[in-house]
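Enquirer: As given, the protein sequences belong to chains B and Z, one line each in that order.
According to full-length UniProt numbering, the stretch in the first sequence is residues 1 to 343, in order.
According to full-length UniProt numbering, the stretch in the second sequence is residues 1 to 320, in order.
Hint data in this document are derived by calculation from the structure and do not stem from the laboratory.
A hint or two may mislead.
Short, incomplete list of chain Z residues facing chain B, as computed with Cβ under 8 Å [what the hints assert, rightly or not]:
1. 7
2. 8
3. 9
4. 133
5. 215
6. 217
7. 220
8. 222
9. 224
These numbers come from a predicted model, not from an experiment.
Heads up, the beta-carbon is just placed ideally off N, CA and C, and yes, glycines get one too.
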Amino acid sequence: MTDRTPGPDPELALSVRDLKTYIYANNRCNRALDGVSFDIHRGKTLCIVGESGCGKSVTAASILQLLPELSRIEEGEIVYHGAEGPVNIERLKRNGRRMRAIRGKEIAMIFQDPMTALNPVYSIGFQIKEMLLYHTRLGKRARHAKAIDLLRSMGIPLPEKRVREYPHLYSGGMRQRAMIAIAMSCDPRILIADEPTTALDVTIQAQIFELMDTLKREQGTAIMLITHDMGVVAELADDVAVMYMGQIVEAGPVGQVLRNPLHPYTRALLESIPVLGRGKNQQIRAIPGQTPDPYDRPTGCQFAERCRYRVDACAEMPPETQVSSSHRVRCWRHREFMADAAE
Amino acid sequence: MLTYIARRLLTLIPMAIAISFLIYLGLDLTPGDAVSHMIPPDVIGTMDPERLDELRESLGLGKPFLVRYWIWITGVLQGDFGYSLAGGVQISKIFLDRLPATLELSCAALVISTILGSILGTISALTRGTFADQALTVVGMLGVSIPEFFFGLVAILVFALNLGWLPVGGRTLPGYDSFWDRLPHLIMPALVLSIMMTAGVMRYARSSMLDALSRDFIRTARSKGMPEWRVNLLHGFRVALTPVIVLIGFRLPVLIGGSVIIEQVFQWPGIGKEFLSAVRSQDYPLVMMVALFSVMAVLLASLIVDILTALIDPRVRLGD
Numbered sequence: 001m002t003d004r005t006p007g008p009d010p011e012l013a014l015s016v017r018d019l020k021t022y023i024y025a026n027n028r029c030n031r032a033l034d035g036v037s038f039d040i041h042r043g044k045t046l047c048i049v050g051e052s053g054c055g056k057s058v059t060a061a062s063i064l065q066l067l068p069e070l071s072r073i074e075e076g077e078i079v080y081h082g083a084e085g086p087v088n089i090e091r092l093k094r095n096g097r098r099m100r101a102i103r104g105k106e107i108a109m110i111f112q113d114p115m116t117a118l119n120p121v122y123s124i125g126f127q128i129k130e131m132l133l134y135h136t137r138l139g140k141r142a143r144h145a146k147a148i149d150l151l152r153s154m155g156i157p158l159p160e161k162r163v164r165e166y167p168h169l170y171s172g173g174m175r176q177r178a179m180i181a182i183a184m185s186c187d188p189r190i191l192i193a194d195e196p197t198t199a200l201d202v203t204i205q206a207q208i209f210e211l212m213d214t215l216k217r218e219q220g221t222a223i224m225l226i227t228h229d230m231g232v233v234a235e236l237a238d239d240v241a242v243m244y245m246g247q248i249v250e251a252g253p254v255g256q257v258l259r260n261p262l263h264p265y266t267r268a269l270l271e272s273i274p275v276l277g278r279g280k281n282q283q284i285r286a287i288p289g290q291t292p293d294p295y296d297r298p299t300g301c302q303f304a305e306r307c308r309y310r311v312d313a314c315a316e317m318p319p320e321t322q323v324s325s326s327h328r329v330r331c332w333r334h335r336e337f338m339a340d341a342a343e
Numbered sequence: 001m002l003t004y005i006a007r008r009l010l011t012l013i014p015m016a017i018a019i020s021f022l023i024y025l026g027l028d029l030t031p032g033d034a035v036s037h038m039i040p041p042d043v044i045g046t047m048d049p050e051r052l053d054e055l056r057e058s059l060g061l062g063k064p065f066l067v068r069y070w071i072w073i074t075g076v077l078q079g080d081f082g083y084s085l086a087g088g089v090q091i092s093k094i095f096l097d098r099l100p101a102t103l104e105l106s107c108a109a110l111v112i113s114t115i116l117g118s119i120l121g122t123i124s125a126l127t128r129g130t131f132a133d134q135a136l137t138v139v140g141m142l143g144v145s146i147p148e149f150f151f152g153l154v155a156i157l158v159f160a161l162n163l164g165w166l167p168v169g170g171r172t173l174p175g176y177d178s179f180w181d182r183l184p185h186l187i188m189p190a191l192v193l194s195i196m197m198t199a200g201v202m203r204y205a206r207s208s209m210l211d212a213l214s215r216d217f218i219r220t221a222r223s224k225g226m227p228e229w230r231v232n233l234l235h236g237f238r239v240a241l242t243p244v245i246v247l248i249g250f251r252l253p254v255l256i257g258g259s260v261i262i263e264q265v266f267q268w269p270g271i272g273k274e275f276l277s278a279v280r281s282q283d284y285p286l287v288m289m290v291a292l293f294s295v296m297a298v299l300l301a302s303l304i305v306d307i308l309t310a311l312i313d314p315r316v317r318l319g320d
């Protein structure tokens, strides 16, 4: 567990402490998040990486309380640090007034697939203005003008015309821009992006990320970017948290974690990336084995079964250990890896 | 949009002609003709066959099939629907007398079933898995599976005979012609006629609504901080509406068909009741016109469905 820095940090936007979110299905319990802690700062991007099913999206959904019906935040806290002081999100009623006042206004979210995330029967303008209607005091005309401005600033050509169009007339990249326009319409302090470019092609992906980077720099938005692409992490992240089976196994500033990975899973992820230009015979090391059944987890280190460096101690759950002021790892053997790196 | 409607109306014409031809052909193939119906069977045997042929000739029955069809269809297009064989009344007059009653009944049933079905279906979807949902599901299954005439008879027994709240049947009493006088007569047949369709619309609206609520844009709407009513109704129901409208549109002709039985049960003086007696007495000109009318209702309903779909769903683009 991380030590909290003494005194309120003015740049701190959100802090999650020891979050446990469980999902129930068929009388079984999936401990989807099993003690997750991290901070998001203004003007910084935190990337959360991990393979499918590791709890990245559940983390995002927990922050906005957009969890599926049969799931619950069991323990831990999510503290939003807004202009009016800290708010414990996990204590708010799921779809209650105070939660809704935070959604969209303070913490906005964009989703994986812009093809399905927009409502097909309402114009893009309507879907932006709806947000302004609920979270601002702008009049009808001002809302319309603001919607056009937002589309323009997202780089959508002919916004006066486009604002009246329906999502099916937009291309995939344009829809994600429109989605970001909706998300940014009330100047949220935090933007959560859940794999925003998975459904888009690579050139569009670059444009979308550039847009997000601009928002971060110009408006100081804190960004939480969920991805499974280490390349994206290297390019955009300030901080990175690597998740595996509902836990953060390693977290820290992006330079430290990528250059000096201390958890075997982080290492394995980095080794599994194909590099352009090395030809088709390059060694890509796939991670052996499969993720354990989420309903029947090992009691010790979740990664032990697939780990090259496994020792007997791994049958016990390793604690999260702070190895520097900002770098922490959950592995029994991290000291050895640190020594390796130092050589 | 207007050009689309115009074009659709134009394509209706050849379809209507083809169907009218089939109707005429079908009834021409049935045994017996107008003469054999006009003259009692015991008299026909004793009559001079030459006199019979003369009679056929004078009625135009001696002409070839296509010529007879041509005479009929041009007449219909000019508004001359011909005469009913029973009583020799102008068919157009029968339509003018009877159609308002049928339309009144069908429209009332359509409005009731649309509103009630959508509301109940939405409630059922929003309370999915609870007692209310299960109860509505059971009621819906009963409504779909029990025939309407049964409901009709039970309703007459309970509300008209035992409780005496509503009249047994008919559309009006002599001398009481205002809408408010007629309303009590309308209530029972309209409700009974709408039962089956309400149940159908409800089941369909429920699944359509559940489908809409599971879509990604619902989560988006929630993530924007929209209140639940807006998420469910503006985002969910609005999207769920399109398939429901299509269903209701295509049930429209069924409603006219269904009213044949209900009109009989409640002695409602509509086209359906007239149709039944026309079939029974082999009154072919009238049967043909009623059949043609039903077909036109089907064609118009499908046109209305297309226009409505385009109005509520921007993804459906009408060729303009």
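Enquirer: I'd like to know which numbered hints this structure contradicts. Please list them from smallest to largest.
Expert: 1, 2, 3, 4
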